[in-house]
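These protein sequence lines map, in sequence, to chains A and B. First residue of the first sequence: 209, per my numbering; consecutive thereafter. First residue of the second sequence: 28, per my numbering; consecutive thereafter.
Hints may be right or wrong, so weigh each one.
Unchecked claim - Under 10 Å between C-beta atoms, here's a sample of chain B residues computed to sit facing chain A:
#: 1; residue: 121
#: 2; residue: 189
#: 3; residue: 193
#: 4; residue: 194
#: 5; residue: 252
#: 6; residue: 253
#: 7; residue: 255
#: 8; residue: 276
#: 9; residue: 277
#: 10; residue: 283
#: 11; residue: 284
#: 12; residue: 286
#: 13; residue: 293
#: 14; residue: 294
#: 15; residue: 296
#: 16; residue: 301
Stated by the list, open to error - Pair by pair, the computed Cβ-Cβ distance ranges are:
#: 17; chain 1: B; residue 1: 89; chain 2: A; residue 2: 562; range: 35 to 43 Å
#: 18; chain 1: A; residue 1: 591; chain 2: B; residue 2: 139; range: 53 to 61 Å
#: 19; chain 1: A; residue 1: 591; chain 2: B; residue 2: 315; range: 31 to 39 Å
#: 20; chain 1: A; residue 1: 401; chain 2: B; residue 2: 225; range: 39 to 47 Å
These aren't lab readings, by the way, just hints derived from the structure by calculation. Predicted model only: the values in this text are computed from it and were never measured. Glycine is no exception: its CB is placed at the ideal position from the N, C-alpha and C atoms.
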Amino acid sequence: MKTILSILALALLYIPVLGQGNSDNCLNCHLDWEDDDGPAHKITRDVHFQKGLGCADCHGGNTSADDMDDVRESRDYIGIPDFLKVPDFCAHCHSDAAYMHEHNPSLPVDQLAKYKTSIHGQRLFGRKDKKVANCVSCHSVHEVGGGRMPHSSTHPVNLPQTCGKCHADTEYMAEYGISTSQLDEFTNSIHGQALLERNDLGAPACNDCHGNHGAAPPGVNSLAAVCGLCHAIEAELFNRSPHAEAFRENDIPMCEICHSNHFIIKPSDSMIGSEEPAICTDCHSADDGTIGFMTADSLRVSIDNLVRFHGKAQQTLDEAIAKGMMTTDEEFLMKEVDQSLIQTRMHIHAFNIDSVEPKAKLGIAKADSVRVMSAELIDEYYFRRQGLAVATLIITFLAIMLYRKIRKIEK
Amino acid sequence: MPNDNNRRVSNLKELSFNWIDSRLKIKALIDYMSSKIVPRHNHSSFYYLGGVTLFLFLVQVCTGILLLMYYRPGAESAYESVKFIVTEVSFGWLIRSLHSWSANLMVLFAFLHMFTVFFTHAYRKPRELTWYTGIGILGLSLAFGFSGYLLPWNELSFFATRVGTGMAGAVPIIGKQLMIIMRGGEEVTGATIGRFFGLHVAILPALFVGLLSLHLIFIQRQGMSEPLEWADKKPEEKKYIKFFPNFLYRDALVWLIMLNILALLAVIFPDGIGVIHWPLGEKADPFAPPPAVIRPEWYFMFAFQALKMLPAHVWFIEGELFGMAVFGLGGMIWLLIPALDRKAAKSKRSKLVVAFGAVVVLFMLAMTIIGYLVE
Numbered sequence: 209m210k211t212i213l214s215i216l217a218l219a220l221l222y223i224p225v226l227g228q229g230n231s232d233n234c235l236n237c238h239l240d241w242e243d244d245d246g247p248a249h250k251i252t253r254d255v256h257f258q259k260g261l262g263c264a265d266c267h268g269g270n271t272s273a274d275d276m277d278d279v280r281e282s283r284d285y286i287g288i289p290d291f292l293k294v295p296d297f298c299a300h301c302h303s304d305a306a307y308m309h310e311h312n313p314s315l316p317v318d319q320l321a322k323y324k325t326s327i328h329g330q331r332l333f334g335r336k337d338k339k340v341a342n343c344v345s346c347h348s349v350h351e352v353g354g355g356r357m358p359h360s361s362t363h364p365v366n367l368p369q370t371c372g373k374c375h376a377d378t379e380y381m382a383e384y385g386i387s388t389s390q391l392d393e394f395t396n397s398i399h400g401q402a403l404l405e406r407n408d409l410g411a412p413a414c415n416d417c418h419g420n421h422g423a424a425p426p427g428v429n430s431l432a433a434v435c436g437l438c439h440a441i442e443a444e445l446f447n448r449s450p451h452a453e454a455f456r457e458n459d460i461p462m463c464e465i466c467h468s469n470h471f472i473i474k475p476s477d478s479m480i481g482s483e484e485p486a487i488c489t490d491c492h493s494a495d496d497g498t499i500g501f502m503t504a505d506s507l508r509v510s511i512d513n514l515v516r517f518h519g520k521a522q523q524t525l526d527e528a529i530a531k532g533m534m535t536t537d538e539e540f541l542m543k544e545v546d547q548s549l550i551q552t553r554m555h556i557h558a559f560n561i562d563s564v565e566p567k568a569k570l571g572i573a574k575a576d577s578v579r580v581m582s583a584e585l586i587d588e589y590y591f592r593r594q595g596l597a598v599a600t601l602i603i604t605f606l607a608i609m610l611y612r613k614i615r616k617i618e619k
Numbered sequence: 028m029p030n031d032n033n034r035r036v037s038n039l040k041e042l043s044f045n046w047i048d049s050r051l052k053i054k055a056l057i058d059y060m061s062s063k064i065v066p067r068h069n070h071s072s073f074y075y076l077g078g079v080t081l082f083l084f085l086v087q088v089c090t091g092i093l094l095l096m097y098y099r100p101g102a103e104s105a106y107e108s109v110k111f112i113v114t115e116v117s118f119g120w121l122i123r124s125l126h127s128w129s130a131n132l133m134v135l136f137a138f139l140h141m142f143t144v145f146f147t148h149a150y151r152k153p154r155e156l157t158w159y160t161g162i163g164i165l166g167l168s169l170a171f172g173f174s175g176y177l178l179p180w181n182e183l184s185f186f187a188t189r190v191g192t193g194m195a196g197a198v199p200i201i202g203k204q205l206m207i208i209m210r211g212g213e214e215v216t217g218a219t220i221g222r223f224f225g226l227h228v229a230i231l232p233a234l235f236v237g238l239l240s241l242h243l244i245f246i247q248r249q250g251m252s253e254p255l256e257w258a259d260k261k262p263e264e265k266k267y268i269k270f271f272p273n274f275l276y277r278d279a280l281v282w283l284i285m286l287n288i289l290a291l292l293a294v295i296f297p298d299g300i301g302v303i304h305w306p307l308g309e310k311a312d313p314f315a316p317p318p319a320v321i322r323p324e325w326y327f328m329f330a331f332q333a334l335k336m337l338p339a340h341v342w343f344i345e346g347e348l349f350g351m352a353v354f355g356l357g358g359m360i361w362l363l364i365p366a367l368d369r370k371a372a373k374s375k376r377s378k379l380v381v382a383f384g385a386v387v388v389l390f391m392l393a394m395t396i397i398g399y400l401v402e
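Make a model of the complete structure from these sequences and hints.
Right, dumping it as structure tokens:
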């Protein structure tokens with residue numbers, strides 16, 4: 209009886225394991241044949257596979273056949289899709305709103321339409337250029353992942369490398385006559401450092417400025433709009449500035465002329481002003497007969513004044529903190545000074561002293577209040593020390609007198 | 028002329044003394060105090076520890092009354108009023124600092140006083156009642172510390188109180204109700220401040236003054252305990268000093284030195300130093316995540332750490348409950364030591380009692396050090 213029970217128990221244990229056998233013969237064979245980097249191994253990380261699609265859903269064929277020849281001979285067998293037909297092949301499902309709604313309702317279904325408007329799509333469909341990117345060039349073939357999946361080639365952190373596969377390859381890009389320094393420049397830019405070094409997903413990757421399926425370089429006139437997607441206030445101020453119209457009329461790239469495009473470094477106050485290395489002097493000089501030169505000078509003076517007051521306030525506050533004084537109110541006000549400095553620098557994009565000066569003056573007034581309040585705390589610190597010294601002297605004197613009295617009575 | 032002046036002053040003193048004495052009979056009190064003597068030996072300095080604790084309690088009372096003038100209990104006003112005290116009120120920062128420093132030093136000296144009494148077996152007959160009232164005073168001092176910690180209603184005090192009151196919930200059967208009574212509800216809220224405030228400024232002081240009065244009366248009636256070794260000494264081999272004025276003057280000298288130390292600490296480290304600190308910080312926010320490190324006050328650290336180190340279950344008992352039961356049993360033995368130590372009553376030293384005391388002290392020290400090192 210015990211033996212029968214043991215056999216039954218073992219059988220119950222093995223039933224779930226036996227049920228895990230794979231009925232997809234494509235995988236059964238390919239997993240045996242291929243090394244770890246082969247499609248059958250990669251496919252387990254593919255979002256399509258994870259959603260329940262199998263090999264035959266893209267490649268066609270009979271998955272229950274035991275022999276490759278039998279698989280190929282089935283009527284719906286596709287094999288490897290033609291490179292030029294890949295966009296239409298993917299769009300078969302991805303442009304079908306009803307079908308996509310069942311699997312991923314949040315995903316747009318206009319990828320193919322956008323792709324056709326892109327430089328990539330135009331060259332692929334128009335010139336049958338097989339070197340341009342199609343769906344699999346960016347999304348991979350068997351490891352397709354959504355942009356949120358960390359292993360995905362289209363995840364923001366991986367995207368610069370994905371684009372750079374072609375765009376940083378000098379030899380590959382030679383016939384197109386465009387620069388191949390973008391990846392290098394972006395990697396060293398403030399955006400690249402934020403995204404790639406600090407994993408700050410709020411920082412832009414290539415697609416945030418160029419688009420993804422409809423990838424195109426931003427035009428001169430659309431540049432402010434593209435940058436304005438994130439830097440909205442700066443864009444708004446710039447569009448109301450005297451520069452906006454002048455740049456448009458003269459085809460000057462708006463943000464790029466001062467900040468560059470891929471190699472955007474952290475802006476500094478030295479960019480403004482009437483002396484080197486201010487970039488204002490690239491266009492404006494003392495004898496150009498416009499007010500631009502004087503405005504650049506005034507803007508710099510305003511910023512410098514605020515920075516000086518901010519520095520003094522911070523220094524005095526730091527000293528009060530180091531002395532152990534309670535500085536919560538001062539620190540709170542100092543944050544407002546920081547905010548004023550940010551706002552003043554932001555308002556530089558209006559290129560109008562009337563917009564910058566009030567912000568700077570408000571910041572200066574607050575910074576001065578912080579300095580005065582902190583200085584009072586430092587004075588209070590020294591007052592406490594003096595008070596302590598007097599109290600200690602008095603108490604010590606009393607203690608000595610009492611000690612002498614004790615000595616006297618104990619003699 | 029100087030002699031005439033001295034004579035006049037002397038007459039004035041005598042007249043004043045006689046005027047008071049005819050009404051209050053203070054001469055009898057002075058005669059009583061003058062007849063009192065205090066043993067003088069190698070460990071006489073231990074006699075001043077109780078006096079220092081008393082002095083620090085008086086500082087607590089004085090500074091506490093001053094703080095009470097501006098402190099406003101309540102979730103919406105407690106933090107703001109303490110901030111007002113330390114930033115706006117003249118010398119408010121000093122009063123708060125003195126209150127906090129004297130609170131910590133009072134607990135420290137109360138512990139030192141208790142351990143010296145324990146290891147010198149001064150609790151032996153006829154001073155059992157003095158020991159019991161002393162333990163009660165220490166317990167109340169800890170309750171003062173616990174209830175006062177929450178009153179500024181800042182981030183650290185809020186979460187520490189939540190942990191502390193939560194531990195009461197582990198007590199079987201009555202734990203949940205006990206926790207609700209302490210908190211004034213399921214959670215630590217403004218109602219908890221109200222309770223802790225009432226406890227801190229009314230209930231505990233009333234109990235404390237009662238016990239302290241008894242403690243002092245017992246000491247006055249029985250005098251200072253003599254060392255065990257004196258039992259075999261001849262009367263002429265024993266040395267004494269007069270209680271009045273000698274011992275009282277010496278006590279006053281120690282108080283002055285303590286006042287000087289207190290002033291130095293309060294001015295140089297107004298927010299405390301090292302593990303003994305009480306920065307006001309941020310206002311308590313029940314919805315904010317708890318700070319990375321929640322520590323009780325240093326004098327609760329040994330118990331906190333020991334409970335933390337216990338496994339989830341000891342045999343079939345829940346770890347925390349087991350720990351509290353052990354602490355309860357240990358505390359009971361400690362309290363009843365005058366009754367349990369039969370040898371001390373016969374003026375003999377018990378090695379077992381000394382070993383027990385040493386284990387308790389080492390355990391408290393080790394757990395406290397580990398508690399701070401681990402974090």
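Results for each hint:
no., hint, in the structure
1, 121, "holds (8 Å)"
2, 189, "violated (24 Å)"
3, 193, "violated (29 Å)"
4, 194, "violated (32 Å)"
5, 252, "violated (22 Å)"
6, 253, "violated (20 Å)"
7, 255, "violated (26 Å)"
8, 276, "holds (5 Å)"
9, 277, "holds (6 Å)"
10, 283, "holds (4 Å)"
11, 284, "holds (6 Å)"
12, 286, "holds (6 Å)"
13, 293, "holds (9 Å)"
14, 294, "holds (4 Å)"
15, 296, "holds (8 Å)"
16, 301, "violated (14 Å)"
17, B:89 / A:562: 35 to 43 Å, "violated (60 Å)"
18, A:591 / B:139: 53 to 61 Å, "violated (35 Å)"
19, A:591 / B:315: 31 to 39 Å, "holds (36 Å)"
20, A:401 / B:225: 39 to 47 Å, "violated (57 Å)"
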